[in-house]
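K.L.:
This is what each chain is made of:
2 protein chains.
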Amino acid sequence: MVGLGPGDPGLLCPLARAALASASAVVGYSGYLDLLEPEVLEGREVVSTGMTGEVERAGRAVDLALAGRAVAVVSSGDAGIYAMAGLVLEVLEERGLLERVPCEVVPGVPALAAAAALLGAPLTHDFACVSLSDLLTPWEVIERRLDAAAGADFVLVLYNPRSKRRADHLERALAVIARHRGPDTPVGVVCRAFRPGQRAEIARLADVDCGGVDMQTIVVVGASSSRAAGGRMLTPRGYAGKYDLAGGTRKVRQRLANTRSKA
Amino acid sequence: MVGLGPGDPGLLCPLARAALASASAVVGYSGYLDLLEPEVLEGREVVSTGMTGEVERAGRAVDLALAGRAVAVVSSGDAGIYAMAGLVLEVLEERGLLERVPCEVVPGVPALAAAAALLGAPLTHDFACVSLSDLLTPWEVIERRLDAAAGADFVLVLYNPRSKRRADHLERALAVIARHRGPDTPVGVVCRAFRPGQRAEIARLADVDCGGVDMQTIVVVGASSSRAAGGRMLTPRGYAGKYDLAGGTRKVRQRLANTRSKA
Numbered sequence: 144m145v146g147l148g149p150g151d152p153g154l155l156c157p158l159a160r161a162a163l164a165s166a167s168a169v170v171g172y173s174g175y176l177d178l179l180e181p182e183v184l185e186g187r188e189v190v191s192t193g194m195t196g197e198v199e200r201a202g203r204a205v206d207l208a209l210a211g212r213a214v215a216v217v218s219s220g221d222a223g224i225y226a227m228a229g230l231v232l233e234v235l236e237e238r239g240l241l242e243r244v245p246c247e248v249v250p251g252v253p254a255l256a257a258a259a260a261l262l263g264a265p266l267t268h269d270f271a272c273v274s275l276s277d278l279l280t281p282w283e284v285i286e287r288r289l290d291a292a293a294g295a296d297f298v299l300v301l302y303n304p305r306s307k308r309r310a311d312h313l314e315r316a317l318a319v320i321a322r323h324r325g326p327d328t329p330v331g332v333v334c335r336a337f338r339p340g341q342r343a344e345i346a347r348l349a350d351v352d353c354g355g356v357d358m359q360t361i362v363v364v365g366a367s368s369s370r371a372a373g374g375r376m377l378t379p380r381g382y383a384g385k386y387d388l389a390g391g392t393r394k395v396r397q398r399l400a401n402t403r404s405k406a
Numbered sequence: 144m145v146g147l148g149p150g151d152p153g154l155l156c157p158l159a160r161a162a163l164a165s166a167s168a169v170v171g172y173s174g175y176l177d178l179l180e181p182e183v184l185e186g187r188e189v190v191s192t193g194m195t196g197e198v199e200r201a202g203r204a205v206d207l208a209l210a211g212r213a214v215a216v217v218s219s220g221d222a223g224i225y226a227m228a229g230l231v232l233e234v235l236e237e238r239g240l241l242e243r244v245p246c247e248v249v250p251g252v253p254a255l256a257a258a259a260a261l262l263g264a265p266l267t268h269d270f271a272c273v274s275l276s277d278l279l280t281p282w283e284v285i286e287r288r289l290d291a292a293a294g295a296d297f298v299l300v301l302y303n304p305r306s307k308r309r310a311d312h313l314e315r316a317l318a319v320i321a322r323h324r325g326p327d328t329p330v331g332v333v334c335r336a337f338r339p340g341q342r343a344e345i346a347r348l349a350d351v352d353c354g355g356v357d358m359q360t361i362v363v364v365g366a367s368s369s370r371a372a373g374g375r376m377l378t379p380r381g382y383a384g385k386y387d388l389a390g391g392t393r394k395v396r397q398r399l400a401n402t403r404s405k406a
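Sequence lines, in order, name chains A and B.
Just so we're on the same page, this note's numbering is the position in the first sequence counted from 1, plus 143.
Just so we're on the same page, this note's numbering is the position in the second sequence counted from 1, plus 143.
Be a bit skeptical, because a hint or two may be false.
Said to hold, decoys possible - When the alpha-carbon atoms are kept at most 30 Å apart in a straight line, the in silico DSS-like pairs for lysine-lysine are as follows:
id : chain 1 : residue 1 : chain 2 : residue 2
1  : A       : K385      : B       : K307
2  : B       : K385      : A       : K307
3  : B       : K307      : A       : K394
4  : B       : K394      : A       : K307
What the hints assert, rightly or not - Every beta carbon over 12 Å from chain A, so not counted as near; a handful from chain B, in silico:
id : residue
5  : L184
6  : P326
7  : C353
8  : D357
9  : A389
Claimed, not checked - Chain B stretches covered by chain A per the calculated footprint, using a threshold of three residues with CB under 8 Å from any CB of chain A:
id : segment
10 : 195-202
11 : 271-281
Quick caveat, the hints were computed from the structure, so don't treat them as lab data.
Cβ coordinates follow ideal geometry from the N, Cα and C atoms, glycine included.
The task is simple: from the sequences and hints, build the whole structure.
P.N.:
The following block contains the structure:
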């Protein structure tokens with residue numbers, strides 16, 4: 144199970160490239176396989192299925208492995224974050240093969256890291272990832288998680304924020320988060336990070352334009368301390384309270400406080 | 144700001160390698176610079192400081208950039224997840240340089256993805272990352288986040304779980320989580336993922352051995368649906384309820400349910 148990274152060949156790890164090179168069959172969603180340079184797949188049997196064919200893909204991969212083939216099951220981003228690694232292991236388990244078929248997960252640069260890099264540094268402090276897809280998770284569970292994470296002041300990373308069939312999910316999710324955050328909270332919207340068509344924008348929570356958001360978008364909603372600055376989105380870790388950042392030194396009042404507490 | 148990945152040269156992205164190659168100065172924590180093959184740093188000015196020298200490192204990096212140098216500030220894992228990208232941007236902002244000094248974030252394979260890959264697939268569903276370091280965050284905030292995320296059934300990824308000065312943090316964090324999870328909940332403990340000395344173990348929540356845990360460890364606590372199977376840790380996405388995973392087909396009762404709802 145191989146994570147391809149966000150799409151840019153510069154973010155495909157050598158270990159992932161080697162795994163593809165040593166595989167005789169590559170199984171994946173066609174949209175992800177298209178991100179690879181053609182030579183990476185040259186000479187390999189390629190099994191691609193549509194977006195919702197995950198179970199079929201995992202089954203085909205296991206069949207090929209049982210036939211003695213070295214198989215790479217690919218996901219974009221990381222192989223384990225909302226991705227195929229789990230399903231392949233589940234299919235192996237269900238067929239009683241989990242301990243018989245050797246398999247490894249090759250991690251990759253996840254979409255959340257790619258999106259954050261384009262926004263600046265929104266994930267420097269605690270964050271929670273929530274998928275807004277209710278295909279496999281009841282919406283009530285999703286809403287409960289959004290509410291809890293926003294209430295405890297996590298930065299929120301939203302996967303699968305909006306599809307044609309779920310056109311209002313992002314709007315509903317932002318409304319839940321807005322119970323706990325002010326209208327000026329920065330929200331980063333990153334479409335197709337490190338892919339053709341890349342777009343990164345920062346908006347106020349009250350003004351997010353959900354219209355352009357699709358399934359290849361990651362939305363990052365700031366914590367209470369997050370802010371926009373110079374076209375970037377930042378979530379300070381807390382150094383500014385303890386250090387003089389311009390001077391690179393510990394703040395004097397902090398030093399005094401420490402001295403006092405030792406006395 | 145460049146993410147080096149977990150340490151294995153196979154997980155250092157080509158884009159990160161290119162950023163290091165084009166830099167004339169490389170700034171980083173000595174423990175991370177040691178992970179790089181020596182030739183990557185050859186011919187470059189290397190500015191390394193100890194573990195807690197982040198503010199000094201960021202300041203030195205900005206000074207070098209102002210002197211006209213191309214500077215790479217490195218972090219292990221991803222450059223933005225609990226890492227240096229945010230601090231460098233804050234220092235630039237504080238010195239009024241944020242819009243004057245061009246800078247980019249090159250994402251990397253974060254520690255959370257590296258750890259998850261070695262465990263199996265614990266992050267296939269919603270998860271929350273919490274750092275247990277209270278150097279910059281009050282422990283009450285940390286505990287509140289653990290409680291909220293566990294209560295909303297997130298998988299929990301714990302960074303900085305235990306240091307010499309904070310020997311009891313992991314124990315205290317697991318006790319908070321145990322308010323919401325059974326004693327059999329799987330907990331993955333991964334030390335030095337994709338580095339020399341790598342070790343990955345799965346324990347029951349009630350039996351986690353905190354003794355061997357250090358700052359180079361990531362701890363992953365399962366959601367209520369997570370389970371251990373065949374030496375792996377899995378968090379099912381929910382396919383098993385809708386599909387016959389062994390047969391690769393949609394479950395009949397599901398098909399019937401769909402037919403009925405259309406009728």
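K.L.:
Hint by hint, which ones does this structure get wrong, listed from lowest number up?
P.N.:
9
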